[in-house]
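Each chain is listed here by its residues.
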Amino acid sequence: DTAVSQTPKYLVTQMGNDKSIKCEQNLGHDTMYWYKQDSKKFLKIMFSYNNKELIINETVPNRFSPKSPDKAHLNLHINSLELGDSAVYFCASSHGTGGNTIYFGEGSWLTVV
Amino acid sequence: AQTVTQSQPEMSVQEAETVTLSCTYDTSESDYYLFWYKQPPSRQMILVIRQEAYKQQNATENRFSVNFQKAAKSFSLKISDSQLGDAAMYFCAYDGSGNTGKLIFGQGTTLQVKP
Numbered sequence: 001d002t003a004v005s006q007t008p009k010y011l012v013t014q015m016g017n018d019k020s021i022k023c024e025q026n027l028g029h030d031t032m033y034w035y036k037q038d039s040k041k042f043l044k045i046m047f048s049y050n051n052k053e054l055i056i057n058e059t060v061p062n063r064f065s066p067k068s069p070d071k072a073h074l075n076l077h078i079n080s081l082e083l084g085d086s087a088v089y090f091c092a093s094s095h096g097t098g099g100n101t102i103y104f105g106e107g108s109w110l111t112v113v
Numbered sequence: 001a002q003t004v005t006q007s008q009p010e011m012s013v014q015e016a017e018t019v020t021l022s023c024t025y026d027t028s029e030s031d032y033y034l035f036w037y038k039q040p041p042s043r044q045m046i047l048v049i050r051q052e053a054y055k056q057q058n059a060t061e062n063r064f065s066v067n068f069q070k071a072a073k074s075f076s077l078k079i080s081d082s083q084l085g086d087a088a089m090y091f092c093a094y095d096g097s098g099n100t101g102k103l104i105f106g107q108g109t110t111l112q113v114k115p
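Top line first, the protein sequences correspond to chains A and B.
Using the numbering used here, the letters of the first sequence map in sequence onto residues 1 to 113.
Using the numbering used here, the letters of the second sequence map in sequence onto residues 1 to 115.
Be aware that a few hints might be false.
To be verified - Each pair of labels, with its calculated beta carbon distance range:
(1) B:Asp81 - A:Glu82: 41 to 49 Å
(2) A:Lys40 - B:Asp26: 16 to 24 Å
(3) A:Leu54 - B:Asn67: 33 to 41 Å
(4) B:Gln44 - A:Glu82: 20 to 28 Å
Said to hold, decoys possible - In silico BS3-like cross-links for lysine-lysine, where the CA-CA straight-line distance does not exceed 25 Å:
(5) A:Lys41 - B:Lys55
(6) A:Lys44 - A:Lys9
(7) A:Lys36 - A:Lys52
(8) A:Lys41 - B:Lys78
(9) A:Lys44 - B:Lys73
(10) A:Lys71 - A:Lys36
(11) A:Lys22 - A:Lys9
(12) A:Lys41 - A:Lys71
(13) A:Lys71 - A:Lys9
(14) A:Lys44 - B:Lys70
(15) A:Lys40 - A:Lys52
(16) B:Lys114 - B:Lys78
(17) A:Lys9 - A:Lys52
(18) A:Lys36 - B:Lys70
(19) A:Lys22 - A:Lys71
Keep in mind the hints are simulated off the structure, nothing from the lab.
No residue lacks a Cβ here, since even glycine has one placed at the ideal position from N, Cα and C.
Take these sequences, add in the hints, and give me the full structure.
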């Protein structure tokens, strides 16, 4: 039933490792996003895809690589994890852009030790 | 660049009373959208209310309403008849920039509801 689902919800890993977070939406939306919420609860967009095409790529280290195999999925792969990558990563989706409501997943809490 | 400011890090309200959360933003655009999202301890981001800048009428959703002052670039959220379940962090967000779906968030306001 979950509209935007992410896995895993919790992830603890060591510095230097590579990890992926998967996201799927069943809302029929054509636009998907990754947002990052830091330890101070500040939320900022990282990437967005529309119909599998990258349309927003904020200033994010190239260790972060999103991949959208189809409109319903947007995965986030992170190479060579650093302590500063510890955060909550939210996947989200919307029907187009243009101010349409963006629906968020439950978040994936990444802790790098 | 657009910015969103929530000047109240924390607010508290007595159950059944009314509280207003403040939000101001800075933009040179005339067409944009504003949102309030709620984040309870579960971390889920839940849409509370949405406002289209070209509409003068303030948006309402049950006990939640906004006071949108376009000239003043102000977008406050009023919660009436506060309930314990309203306790959460509330984020104001702006969507402009050619309507890319890029939300710019404020710093958030933590709302405590006292029984």
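Verification of the supplied hints:
Checked against the given bound of 41 to 49 Å, the beta carbons of B:Asp81 and A:Glu82, roughly 46 Å apart, stay inside it. The given range of 16 to 24 Å is respected by A:Lys40 and B:Asp26, whose C-beta atoms sit roughly 21 Å from each other. At about 37 Å, the CB distance of A:Leu54 to B:Asn67 agrees with the hint of 33 to 41 Å. At roughly 27 Å, the beta-carbon separation of B:Gln44 and A:Glu82 lies within the given 20 to 28 Å, and the hint holds.
Note on A:Lys41 and B:Lys55: the hinted pairing is violated, with a Cα-Cα distance of about 30 Å set against a maximum of 25 Å. Proximity of A:Lys44 to A:Lys9 is assessed by CA-CA distance (about 19 Å); at most 25 Å being required, the pair is judged to hold. Straight-line distance between C-alpha atoms of A:Lys36 and A:Lys52 comes to about 20 Å, which keeps the hinted pair within the 25 Å bound. Note on A:Lys41 and B:Lys78: the hinted pairing holds, with a Cα-Cα distance of about 22 Å set against a maximum of 25 Å.
For the hint linking A:Lys44 to B:Lys73, the alpha-carbon distance of about 21 Å falls within 25 Å, and the restraint holds. With a C-alpha separation of about 21 Å, the suggested pairing of A:Lys71 with A:Lys36 holds against the 25 Å cut-off. A threshold of 25 Å between alpha carbons decides the hint, and for A:Lys22 with A:Lys9 the separation of about 10 Å falls inside it, so the pair holds. Of the supplied pair hints, the one linking A:Lys41 and A:Lys71 is violated, its CA atoms being roughly 28 Å apart against a limit of 25 Å.
Restraint check: the Cα-Cα separation between A:Lys71 and A:Lys9 comes to about 21 Å, which is no more than 25 Å; the hinted pair holds. At most 25 Å may separate the alpha-carbon atoms for a hinted pair to count; A:Lys44 and B:Lys70 meet this at roughly 24 Å. About 31 Å separates the Cα atoms of A:Lys40 and A:Lys52, which puts this hinted pair outside 25 Å; it is violated. Under the criterion of a C-alpha separation no larger than 25 Å, the hint pairing B:Lys114 with B:Lys78 is consistent with the structure, at around 17 Å.
Of the pairs offered as hints, the one joining A:Lys9 and A:Lys52 holds, with about 24 Å between alpha carbons and a cut-off of 25 Å not exceeded. The suggested pairing of A:Lys36 with B:Lys70 is violated, with an alpha-carbon distance near 29 Å, which exceeds 25 Å. Between the alpha carbons of A:Lys22 and A:Lys71 the distance comes to roughly 13 Å, so the proposed pair stays at or under 25 Å and holds.
This entry does not satisfy hints 5, 12, 15 and 18, going by the numbered hints stated previously.
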